[in-house]
Amino acid sequence: MQLGHTLHKRLMWDQYHFELPIRKSLTQSLGPKLDDIVEEAKMSLVEYIGDCHEWKNLPMSRLSFDLVTRTANRLLFGTDLARDPDFQELSIDYTTIMFGGANMIRNWPDILKPIVMWWKTDIYKAQAQARKHLVPIIQQRIAAEDRSIAEGKQDEWDKIKPDDAIQWVLDVTPGPERRADRLVYRMLHINIAAVHTSSTTFLSAFLCLATMPDVQDELRQEIIDVFRKEGKWSKQTLTYLVKLDSFISEALRLCVMSALKMGRITVKDWEFSDGTKVPKGVQIFCNHYPLVMDESYVPRPQDFDPWRMYKKRQQDGQANQHQFVMI
1 MQLGHTLHKR LMWDQYHFEL PIRKSLTQSL GPKLDDIVEE AKMSLVEYIG
51 DCHEWKNLPM SRLSFDLVTR TANRLLFGTD LARDPDFQEL SIDYTTIMFG
101 GANMIRNWPD ILKPIVMWWK TDIYKAQAQA RKHLVPIIQQ RIAAEDRSIA
151 EGKQDEWDKI KPDDAIQWVL DVTPGPERRA DRLVYRMLHI NIAAVHTSST
201 TFLSAFLCLA TMPDVQDELR QEIIDVFRKE GKWSKQTLTY LVKLDSFISE
251 ALRLCVMSAL KMGRITVKDW EFSDGTKVPK GVQIFCNHYP LVMDESYVPR
301 PQDFDPWRMY KKRQQDGQAN QHQFVMI
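For the sequence shown, position 289 matches number 289 in UniProt numbering, and the numbering has no gaps at all.
No lab work stands behind these hints: they were computed from the structure. Keep in mind that a hint or two might mislead.
To be verified - DSBU-like mimics (lysine-lysine), calculated; alpha carbons at most 30 Å apart, straight line:
| hint | residue 1 | residue 2 |
| --- | --- | --- |
| 1 | Lys-161 | Lys-229 |
| 2 | Lys-232 | Lys-243 |
| 3 | Lys-9 | Lys-24 |
| 4 | Lys-311 | Lys-243 |
| 5 | Lys-159 | Lys-24 |
| 6 | Lys-261 | Lys-277 |
| 7 | Lys-113 | Lys-268 |
| 8 | Lys-229 | Lys-42 |
| 9 | Lys-235 | Lys-311 |
| 10 | Lys-132 | Lys-9 |
| 11 | Lys-113 | Lys-125 |
| 12 | Lys-261 | Lys-312 |
| 13 | Lys-132 | Lys-33 |
| 14 | Lys-120 | Lys-261 |
| 15 | Lys-24 | Lys-132 |
| 16 | Lys-42 | Lys-235 |
| 17 | Lys-113 | Lys-277 |
| 18 | Lys-232 | Lys-42 |
| 19 | Lys-24 | Lys-153 |
| 20 | Lys-42 | Lys-56 |
| 21 | Lys-159 | Lys-232 |
| 22 | Lys-235 | Lys-33 |
| 23 | Lys-161 | Lys-24 |
| 24 | Lys-33 | Lys-229 |
| 25 | Lys-229 | Lys-243 |
| 26 | Lys-113 | Lys-235 |
From just these sequences and the hints, can you work out the full model?
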């Protein structure tokens with residue numbers, strides 16, 4: 001990722017924004033903010049797809065990113081930024097811009113990388129776009145909190161402060177780092193992690209589901225039954241969608257966008273235990289298929305069984321095992 005150049009050099013060793021803010025605060029907010037997520041998802045579907053009484057051609061790849069990005073941004077950055085077309089475009093495109101830029105500058109000497117990045121990539125342009133949206137918000141948050149502390153009203157601020165990724169990160173940011181320009185890079189880093197993988201997961205599962213009308217009917221009925229019984233969406237309600245969870249697991253086993261996972265670049269010469277030598281600077285990947293097609297792990301691996309994990313969870317003591325989504 002060339003983080004020291006494509007985002008900020010401090011992120012190479014200090015990623016506190018992924019520790020407490022995301023792993024704890026995000027998890028705690030899923031329940032209280034689920035209504036917001038559902039609302040944004042519904043509005044996005046209406047806006048991007050509309051009422052479909054006949055067949056409609058849609059660019060599914062772009063649609064997946066639009067739906068997931070807008071919904072994720074509602075949780076991470078609030079309503080205004082989630083519905084801002086310019087910020088949505090940035091959220092979707094920055095991952096591609098950043099990774100493309102990283103590949104472009106990778107083999108250049110460090111001293112020349114900023115020049116090549118400015119000359120050959122859109123990274124600086126995208127970062128300026130991010131600052132335009134995020135810096136004013138971050139500055140307002142810092143000023144509001146500082147004012148509350150100065151007036152002895154910290155407790156009041158804690159009750160009314162926004163519940164989003166900007167605030168989660170601000171809450172744990174040490175004094176010297178409470179600078180809007182630096183925090184923008186951390187927001188971009190969070191956005192990259194949230195949007196790209198979720199969008200490609202949704203796209204893979206959706207394309208797989210499109211070829212299976214009988215599975216569509218069964219999943220739709222499960223959703224209807226669960227919602228009728230519970231009366232609303234909640235974290236607990238989502239755990240009852242066991243067939244949907246099973247289908248997504250199987251879809252990502254066989255309907256993946258790429259067979260290569262966990263791409264890494266060696267930072268020094270390396271020799272594995274079997275004697276295989278990998279020189280510095282080589283890209284290496286894990287091959288997805290040998291594992292998921294191994295009969296010692298997956299019975300009848302060539303068959304697409306949408307209820308494979310569902311049936312495993314019906315066995316004694318396995319109800320909370322074999323889940324794709326953990327809430």
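These are the hints, each one checked on the structure:
Restraint check for Lys-161 and Lys-229: the C-alpha separation of about 35 Å exceeds 30 Å, so the hint is violated. A distance of roughly 19 Å separates the Cα atoms of Lys-232 and Lys-243; the hinted pair therefore holds under the 30 Å criterion. At roughly 25 Å between alpha-carbon atoms, Lys-9 and Lys-24 fall within 30 Å of each other, so this suggested pair holds. Of the supplied pair hints, the one linking Lys-311 and Lys-243 holds, its CA atoms being roughly 9 Å apart against a limit of 30 Å.
Distance hint between Lys-159 and Lys-24 is fulfilled; the C-alpha atoms sit about 18 Å from each other, no more than 30 Å. Simply put, Lys-261 and Lys-277 have alpha-carbon atoms about 20 Å apart, close enough for the 30 Å limit, and the pair holds. A distance of roughly 20 Å separates the Cα atoms of Lys-113 and Lys-268; the hinted pair therefore holds under the 30 Å criterion. Between Lys-229 and Lys-42 the CA atoms are separated by roughly 21 Å; this keeps the pair inside 30 Å, and the hint holds.
At most 30 Å may separate the alpha-carbon atoms for a hinted pair to count; Lys-235 and Lys-311 meet this at roughly 22 Å. Using a Cα cut-off of 30 Å, the hinted pair Lys-132 and Lys-9 holds, with the two alpha carbons roughly 21 Å apart. Restraint check for Lys-113 and Lys-125: satisfied, since their Cα atoms lie roughly 16 Å apart, inside the 30 Å limit. Our distance criterion of 30 Å between C-alpha atoms is met by Lys-261 and Lys-312, whose separation comes to about 26 Å.
Between Lys-132 and Lys-33, the direct Cα distance comes to roughly 26 Å. Compliance with the 30 Å bound is thereby established for this hinted pair. Between Lys-120 and Lys-261 the alpha-carbon distance is near 27 Å, which keeps this suggested pair within the 30 Å criterion. With a C-alpha separation of about 28 Å, the suggested pair Lys-24 and Lys-132 falls inside the 30 Å cut-off, and the hint holds. Taking the CA atoms of Lys-42 and Lys-235, the gap is about 18 Å. The hint holds against a cut of 30 Å.
The suggested pairing of Lys-113 with Lys-277 holds, with an alpha-carbon distance near 28 Å, which does not exceed 30 Å. A C-alpha spacing of about 14 Å is found between Lys-232 and Lys-42, which places the hinted pair at or below 30 Å, so the restraint holds. With a CA separation close to 25 Å, the supplied pair Lys-24 and Lys-153 stays within the 30 Å bound. With a CA separation close to 18 Å, the supplied pair Lys-42 and Lys-56 stays within the 30 Å bound.
A distance of roughly 26 Å separates the Cα atoms of Lys-159 and Lys-232; the hinted pair therefore holds under the 30 Å criterion. At roughly 10 Å between alpha-carbon atoms, Lys-235 and Lys-33 fall within 30 Å of each other, so this suggested pair holds. Between Lys-161 and Lys-24, the direct Cα distance comes to roughly 17 Å. Compliance with the 30 Å bound is thereby established for this hinted pair. With a CA separation close to 21 Å, the supplied pair Lys-33 and Lys-229 stays within the 30 Å bound.
Of the pairs offered as hints, the one joining Lys-229 and Lys-243 holds, with about 16 Å between alpha carbons and a cut-off of 30 Å not exceeded. Restraint check: the Cα-Cα separation between Lys-113 and Lys-235 comes to about 45 Å, which exceeds 30 Å; the hinted pair is violated.
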